[in-house]
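Protein chains: 2
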Amino acid sequence: MVNYPNGRSQSYSAVPKKQKTLTGLSVAKKGAPKSKSLVAFGKRGMNFEAEINATNDYYLSRGLAVIHKKPTPIQIVKVDYPQRSRAKITEAYFRQASTTDYSGVYKGHYVDFEAKETHQKTVFPLKNFHEHQIVHMSNVLAQRGIAFILLHFAALDETYLLPSSYLITFYYEKNGLKSIPLAYIRENGYKIETNHIPRIPYLEIVNKLCEVQ
Amino acid sequence: MVNYPNGRSQSYSAVPKKQKTLTGLSVAKKGAPKSKSLVAFGKRGMNFEAEINATNDYYLSRGLAVIHKKPTPIQIVKVDYPQRSRAKITEAYFRQASTTDYSGVYKGHYVDFEAKETHQKTVFPLKNFHEHQIVHMSNVLAQRGIAFILLHFAALDETYLLPSSYLITFYYEKNGLKSIPLAYIRENGYKIETNHIPRIPYLEIVNKLCEVQ
Ligand SMILES: [Mg+2]
Ligand SMILES: [Mg+2]
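Protein chains in written order, with my numbering: chain R, 1 to 213; chain H, 1001 to 1213.
Hints listed in this document are in silico derivations from the structure and should not be mistaken for laboratory results. Be careful, since some hints might not be right.
[To be verified] Computed from the model, here is a short list of chain H residues facing chain R with C-beta under 10 Å:
1) Ala-1065
2) Pro-1071
3) Val-1140
4) Tyr-1184
[What the hints assert, rightly or not] The calculated label-pair distances, taken between Cβ atoms and stated as ranges, are:
5) H:Glu-1091 x R:Lys-107: 36 to 46 Å
6) H:Arg-1062 x R:Glu-211: 26 to 36 Å
7) H:Val-1212 x R:Gln-96: 56 to 66 Å
8) R:Asn-175 x H:Asn-1175: 55 to 65 Å
9) R:Pro-181 x H:Glu-1173: 55 to 65 Å
10) H:Arg-1084 x R:Ser-165: 37 to 47 Å
11) H:Ala-1142 x R:His-119: 31 to 41 Å
12) H:Lys-1107 x R:His-132: 17 to 27 Å
13) H:Glu-1173 x R:Lys-78: 36 to 46 Å
Even for Gly, the Cβ is constructed at its ideal location relative to N, Cα and C.
Chain R with its partners taken away, still in its complex shape (with noise of 0.2 Å):
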């Protein structure tokens, strides 16, 4: 059996994903130290997956929610196996992610959502999800699953819970537009009052859609 490192802290390969919604913005292209690009955004010096990984931690410390993001998913083409060393992934891809980022149980139900951010300060742009995304949310709904997304709009810093049941009438009603209004949102949405300690306590939220349900 091989020992892999096995580092609870936030994995890297978070990174390459976070610099594409931040408009291209890329600091492991220009040579800073890969381990700090994970905190050099956000207002709070952490990232928006990085506070929210830090909740879902939070809350499965307190027993509350076992909620966990899914690894990202890797395209992998050529291994190396040296000998009595690790097997060394020598090429790979990123792939798009079929389903949605986090999943995880809360008293039973099952827990499924999307974080994203914009830096937009009246719309969130739709270009952020992917259909299959959508057919995911879909697909967990008709199986009477919690699913919503997280959207966080860092230039107003403010963030909102969506249940993706909105998300998915705008998507398929509204498909000329292109983003969604953040009136909409405020509307059919909740606003996640952020924390110290849970950084963004969206659990109280999913309580009442549980009991809703």
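Since chain R is already given, all that's left is putting chain H with the ligands on it; use the hints.
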């Protein structure tokens, strides 16, 4: 937005893991085409993991359950960003998974399992499970999720579903023992009669477990 290939077919990333459980046997090492290594094992020309994935595809296509295999966690060390072409990972390593392989939703219930295969005939080696996976299963049970393991005895061509509670009990009470006797699995688990379609109809048993809960 970069577009990555989004094949729904089983990912190659599953292979190195499978090789480990197959007592070190490695097709890739011997220079065989990598794409074939996925189907080179197993009595019926399909390995256990691929059979589960096919089963999950079937359940998804019929609207019966939404259960996916999580991507293999990869620690990325070096990424090239060639101009006008997609990012290429040039150095990366397999990481140990901190949770289980499969999760999803069935009639609102959170479903979580790990699938393992052995060539042993009378016992299932416990070295196939890491302590943090056992801890994860305990956490899932504490949140009232449905947690189990699917065990395939390749030499016997027998497959069992063992609820995680029995694995956890065995793991902590008999921690001198290095493997679970098949008799214990037969007594506390459920034998799965493999089918043509779906290959491994475990959902019938999950349905029973939900009713008991
Ligand atoms: Mg995402
Ligand atoms: Mg596994």
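Verify the CB-CB distance for Glu-1091 (chain H) and Lys-107 (chain R) against the hinted window 36 to 46 Å. Holds, since Glu-1091 (chain H) and Lys-107 (chain R) (Cβ atoms, about 42 Å apart) stay within the stated range.
Per the CB criterion, is Tyr-1184 (chain H) less than 10 Å away from chain R? 23 Å, violated
Go ahead and decide if the range 55 to 65 Å is satisfied by the Cβ distance of Pro-181 (chain R) to Glu-1173 (chain H). 58 Å, holds
Verdict for Lys-1107 (chain H), His-132 (chain R) (Cβ pair) under range 17 to 27 Å: For His-132 (chain R) against Lys-1107 (chain H), whose Cβ atoms are near 23 Å apart, the range 17 to 27 Å holds.
Cβ-Cβ distance between Glu-1173 (chain H) and Lys-78 (chain R): within 36 to 46 Å? Holds, at about 44 Å.
Using the beta carbons of Val-1212 (chain H) and Gln-96 (chain R), state whether their distance is inside 56 to 66 Å or not. For Gln-96 (chain R) against Val-1212 (chain H), whose Cβ atoms are near 38 Å apart, the range 56 to 66 Å is violated.
Outcome of range test on Cβ distance (Arg-1062 (chain H), Glu-211 (chain R); 26 to 36 Å): With a Cβ separation near 30 Å, Arg-1062 (chain H) and Glu-211 (chain R) satisfy 26 to 36 Å, so the hint holds.
Holds or violated: the hint that Val-1140 (chain H) contacts chain R, with Cβ atoms closer than 10 Å. Result: holds, 6 Å to nearest chain R Cβ.
Take a look at whether the Cβ-Cβ distance between Asn-175 (chain R) and Asn-1175 (chain H) falls inside 55 to 65 Å. 57 Å, holds
Is the hinted range of 37 to 47 Å satisfied by the C-beta distance from Arg-1084 (chain H) to Ser-165 (chain R)? 39 Å, holds
Does Pro-1071 (chain H) hold up as a contact with chain R if the rule is Cβ-Cβ below 10 Å? 4 Å, holds
That 31 to 41 Å hint for Ala-1142 (chain H) and His-119 (chain R) (C-beta), does it hold up? Taking Cβ atoms as reference, Ala-1142 (chain H) and His-119 (chain R) lie about 39 Å apart, which means the hint holds.
When each numbered hint is compared with the structure, violations occur for hints 4, 7.
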